[in-house]
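Chemist: Residue numbers (the working numbering), protein chains in the order written: chain A, 330 to 693; chain D, 1200 to 1761.
A hint or two may mislead.
Between beta-carbon pairs, the in silico distance windows are [unchecked claim]:
| hint | chain 1 | residue 1 | chain 2 | residue 2 | range |
| --- | --- | --- | --- | --- | --- |
| 1 | A | HIS486 | D | SER1652 | 56 to 62 angstroms |
| 2 | D | ILE1489 | A | GLN555 | 39 to 45 angstroms |
| 3 | D | LEU1670 | A | TYR626 | 46 to 52 angstroms |
| 4 | D | ILE1489 | A | PRO651 | 38 to 44 angstroms |
| 5 | A | ARG639 | D | GLY1666 | 39 to 45 angstroms |
| 6 | D | LYS1579 | A | PRO651 | 57 to 63 angstroms |
| 7 | A | ALA450 | D | SER1652 | 58 to 64 angstroms |
For the record, the hints were derived by calculation from the structure and aren't laboratory data.
The beta carbon of each residue, even a glycine, is placed where N, CA and C say it ideally should be.
Given next are the chains, with one letter for each unit.
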Amino acid sequence: METVKDVFVSTRNLTKIFDGEVPAVNGVDLNVKKGSLTALLGPSGCGKTTVLRMLAGLERPDAGDIFMEGVRINDVPARDRGIGFLFQNYALFPNMTVSDNIAFGLKVKKMPSGRVKSRVAELIDLIGLNGYENRFPYELSGGQKQRVAFARSLAPHPKLLLLDEPFAAIDAKIRSELRSWLREMIYQIGITGIFVTHDQEEAVEVSDEVILMNEGRISQAGTPDQLYRDPANEFAATFVGRSMQLEDCSILKGFQGIHGPAIIRPEYLEAFKADNPYLKNALPFSEDAVISDVRFYGNRYELELQVLGRKFIVQRSLERRPIHVGEKMHMLVYRLLLVRDGKVEMIENEALRDHDKLYSLYHW
Amino acid sequence: MIFRLSASPITFIMKNNRVIPGFKAYLGITTGMLLAFVLIPLSSILIYMFSRPPAQILGIFLDPDVQWAFFITMLVSLIAAAISSVFGLIIAWVLTRYEFFGKKVLDALIELPFALPTAVAGITLSKLFSDTGIMGRLGFAVSYTHAGMVAALMFVGLPFTVRSVQPVIAKLPRSVEEAASILGADGRLTFRKVILPQLTGPLLSGFALSFARGVGEYGSLIYISGNSRKKHTQVVSYLIMQKLNYMDYASASVIAFMMLLLSFVILILIHTVSYRSTRKYASGQTDTIIPVRPAKPARPADYLLICTAGLYAFVMLVLPVFTVLSEAFSRGVGFYLKALTTGYALSSYAVSLLAVVIAVPAVTCFGIAASMLLSRFDFKGKRILSTLIDIPFSVSPVIAGLSFIMMFGRLGWAYPLTEALGIKIAFALPGVVLATIFVIFPYVSRELVPTLSASGRTEEEAAAILGAGGLRILRSISIPKMKWALGYGIVLATARAFGEFGAVSALSKTRGKTFTLPLEIDALYYAGSADSITEAFALSSVMLLLAAAFLILKTILGEKKK
Chain A
330 METVKDVFVS TRNLTKIFDG EVPAVNGVDL NVKKGSLTAL LGPSGCGKTT
380 VLRMLAGLER PDAGDIFMEG VRINDVPARD RGIGFLFQNY ALFPNMTVSD
430 NIAFGLKVKK MPSGRVKSRV AELIDLIGLN GYENRFPYEL SGGQKQRVAF
480 ARSLAPHPKL LLLDEPFAAI DAKIRSELRS WLREMIYQIG ITGIFVTHDQ
530 EEAVEVSDEV ILMNEGRISQ AGTPDQLYRD PANEFAATFV GRSMQLEDCS
580 ILKGFQGIHG PAIIRPEYLE AFKADNPYLK NALPFSEDAV ISDVRFYGNR
630 YELELQVLGR KFIVQRSLER RPIHVGEKMH MLVYRLLLVR DGKVEMIENE
680 ALRDHDKLYS LYHW
Chain D
1200 MIFRLSASPI TFIMKNNRVI PGFKAYLGIT TGMLLAFVLI PLSSILIYMF
1250 SRPPAQILGI FLDPDVQWAF FITMLVSLIA AAISSVFGLI IAWVLTRYEF
1300 FGKKVLDALI ELPFALPTAV AGITLSKLFS DTGIMGRLGF AVSYTHAGMV
1350 AALMFVGLPF TVRSVQPVIA KLPRSVEEAA SILGADGRLT FRKVILPQLT
1400 GPLLSGFALS FARGVGEYGS LIYISGNSRK KHTQVVSYLI MQKLNYMDYA
1450 SASVIAFMML LLSFVILILI HTVSYRSTRK YASGQTDTII PVRPAKPARP
1500 ADYLLICTAG LYAFVMLVLP VFTVLSEAFS RGVGFYLKAL TTGYALSSYA
1550 VSLLAVVIAV PAVTCFGIAA SMLLSRFDFK GKRILSTLID IPFSVSPVIA
1600 GLSFIMMFGR LGWAYPLTEA LGIKIAFALP GVVLATIFVI FPYVSRELVP
1650 TLSASGRTEE EAAAILGAGG LRILRSISIP KMKWALGYGI VLATARAFGE
1700 FGAVSALSKT RGKTFTLPLE IDALYYAGSA DSITEAFALS SVMLLLAAAF
1750 LILKTILGEK KK
């Protein structure tokens, strides 16, 4: 369990209302552990960037408190909070060279010029841009600009690094490279990091903890694994991971007694041919299915199945027997997420409980 | 190989496979009109000048009066541009960063010097700063001195310095200033180290535009300067006009040539500065930039800035308006109405209207062709062409008038031709129209090119691929894209055409027949009697009303354009 000592940044009832409209941020309580990398995840307009800007001191909360190492910092100006901020479009000073950009925060703090020089050289080394010291921002690529912005924000030794959509403006190809670079850098330096993203894949891949936001509130907070396996509500279940929605789960075999809408992920499903010897026991409680489309994803297939007049997506290993469009299959539903009043509950297929062998095979 | 050899010069300068049709037509209209209305008339001055003996040219060149005029013109313009740049920056900053009462009015008023005819500005400022004017009685009686000339040029240059900087401040990304603040910089340091360096390009170009305008200025200067040879208050434009009136065409041409050279240097400088600064600050992601939101003033420094901007605008813009109105009605409404309806006045309305009705459509046509050419096609010599189009902008209007005299006047090379055809151009209505076209030539295209360039050419390309012809693309795609900017450009061109003074003044000498409204105002003012000066102000109030209408239209169209 986390103790107070572990928590580096926290907020209580954090609220922001722009121009008297609907609150952009509405009573957010969050805790970020020291040395961790936390993602603020959510669709655009969910208030995640506003939370980040309030943590930085760029925006004043209309209600609630922000604590850093247990001290309330609401009234501490941005420049005295000991934070680094990485802007979405880097916000490099266009009139300054790479070195001058990195040195800016040090010179402002009146660091002697010898130490400024050595610190800048150290950071240039860290970001691997040796030889680019005298270039101007407009002479750099997007990835290089981001590295410079990273170095500039780290130069004055901040205790907390805040990153606003750090990968949004970068091509897909370098993005994943930069993601792992940034993650490594942050661990290497041993700093606490919070970053904003609307990309669930990015959040899951990069962070230790994810804070999922929706409509100004925290929907769920936890490790990426927890969010995925154990979604707390309908929004979390549909936003993280792939999902299909079913208006009433009682139409499926093994769930007849349960009524209500359900969310099903591709991994909860199994598609097999009628002559599959391993799954022949499951035939009585599986649905008849027809393959309507097969898509190749490099390391797997995704089958689109027509079942009970609805579409289901199932993944299939490349190692299994070949299949083709139009082929008759059977679909087994291991479990699903039942939605009740916005909350979700994991329901296992009843029929599988009596078939120990199948059940244990899956869980093993 | 054979095909390549026989290719026309036009296909030579074309880059391979242009998708959008109409290149040749746009190129033809643009270069044809540019040659006919600007380049050929201007070169007529050179043709005449080089027909004179070199000793005479050199003599004029070395005339101390000419040298003094150049020195004073440049000095006064430099000082005015410098002062105007400082206040221009303050006003632009205040307009983009603060919310305060009267901001919209101030913003609209900035273009008053642009909309108000120079002749009206001239007589108004010389009244305002004379012993009996408001500023004069406050101790700033600077009319007929060098300081007065600087004041007039500060008035004329204000829109250039404000409008060069204002859009750049408005587009400075909020995040850059926030980054500086997180890194520990306070407001003043951020301004000095981060904001000001980003504004050097626009500040320089505003300074250069204001300087260029000052060097070529005629109408607003000649009343307040007093034009004394002894006190060295003659400017170059005045000197050219004086030589013209003495029929000393040789001197006029040589001085005009010297001034043209100066204008070219300034023009090239402006283009280089603006080219460099746009390249340097183009971050390529302008669409995602969030600017700083204007805030209510909070600190004493905020109020100080707003008050400074307000005071400067009050003296430079509001007091002149007040002066025109108070002078116009100084003898009562009856006298005012009579002044507006004299025979001369009625004739001048008609001439002004005629010039505008012909010149503005011509320039609009050119503006559309030139902006399509410059924004939709790539070809060699594009930058040179766009620089050439701006010539009338930087050339003194007096030179425009002179160039048509040297082309169509008794000494001009085209005189035998026009006489054979039985047409009189110089000192007749066609000359007035031509001079007006020359002066407003770049006004529409200048508004359209940035708008069209910013909107990109993909829609036109898509239409071309679907098989649409050049005219159809223009009508159904490009013109809808530029309609607000087009309206805006037409309003500016119309305002400028109504107010044109120097060029028309050189070409029009018959009061009651070829005099436009500004010329009639000038004639009344120079008649010198107390009655006629009041009449001049009465007619000025008509022009002020027009200017107000232009400013309102311009503000509406400017908002739509965004």
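Chemist: Next step is simple, just say for each hint if it's right about the structure.
Modeler: Quick rundown of the hints versus the structure:
Checking the proposed 56 to 62 angstroms range against A/HIS486 and D/SER1652 shows it is violated: the Cβ atoms sit about 45 angstroms from each other. Range check, D/ILE1489 to A/GLN555: Cβ separation about 34 angstroms, and the 39 to 45 angstroms hint is violated. The beta-carbon spacing between D/LEU1670 and A/TYR626, approximately 49 angstroms, falls within the hinted interval of 46 to 52 angstroms. Checking the proposed 38 to 44 angstroms range against D/ILE1489 and A/PRO651 shows it is violated: the Cβ atoms sit about 53 angstroms from each other.
Take A/ARG639 and D/GLY1666: their Cβ atoms lie about 44 angstroms apart, and the range 39 to 45 angstroms holds. The supplied range of 57 to 63 angstroms is met by D/LYS1579 and A/PRO651, whose beta-carbon atoms lie about 60 angstroms from each other. For the pair A/ALA450 and D/SER1652, the beta carbons lie near 42 angstroms from each other, so the given range of 58 to 64 angstroms is not met.
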